[in-house]
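J.: For the sequence shown, numbering that gives the first Met the number 0 assigns the number 0 to the initial residue and increments by one for each residue that follows.
If you are wondering where the hints come from, they were derived from the structure by calculation, not from laboratory data. Please note that a few of the clues may not be correct.
With a Cα cut of at most 20 Å, we get these calculated SDA-like pairs of lysine to any residue [said to hold, decoys possible]: (1) K63 / T25; (2) K17 / G35; (3) K17 / G56; (4) K6 / K63; (5) K17 / V33; (6) K63 / S40; (7) K63 / L20.
Simulated DEER-style distance windows between Cβ atoms [said to hold, decoys possible]: (8) P68 / Q14: 41 to 51 Å; (9) A61 / L20: 35 to 45 Å; (10) G54 / L20: 13 to 23 Å.
Ideal Cβ placement from N, Cα and C applies to all residues, glycine included.
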Amino acid sequence: MPFVNIKIARNGVTQEQKARLIRGVTDLIQEVEVLGKSPSSVMVMIEELDPEDVGLGGETVAEKRRRKP
Numbered sequence: 000m001p002f003v004n005i006k007i008a009r010n011g012v013t014q015e016q017k018a019r020l021i022r023g024v025t026d027l028i029q030e031v032e033v034l035g036k037s038p039s040s041v042m043v044m045i046e047e048l049d050p051e052d053v054g055l056g057g058e059t060v061a062e063k064r065r066r067k068p
């Protein structure tokens with residue numbers, strides 16, 4: 000069973016976007032056809048992390064969001 004773990008900063012993605020991401024990743028695994036697995040065997044897990052615990056470019060995502068106009 001292919002297992003894909005996606006980590007994102009919390010509150011940055013809607014439920015609809017997460018559902019689309021899960022479908023898209025599952026479709027991508029099928030498109031590559033390397034593993035020969037059916038879509039029903041592809042597990043995609045989205046793990047939301049606290050924005051204070053995710054860094055990008057030397058600062059936390061929370062800091063970046065606070066600066067965003």
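J.: Run every hint past the structure and note whether it holds.
T.: Checked hints:
1. K63 / T25: violated, 31 Å
2. K17 / G35: violated, 25 Å
3. K17 / G56: violated, 24 Å
4. K6 / K63: holds, 17 Å
5. K17 / V33: violated, 24 Å
6. K63 / S40: violated, 37 Å
7. K63 / L20: violated, 23 Å
8. P68 / Q14: 41 to 51 Å: violated, 25 Å
9. A61 / L20: 35 to 45 Å: violated, 22 Å
10. G54 / L20: 13 to 23 Å: holds, 22 Å
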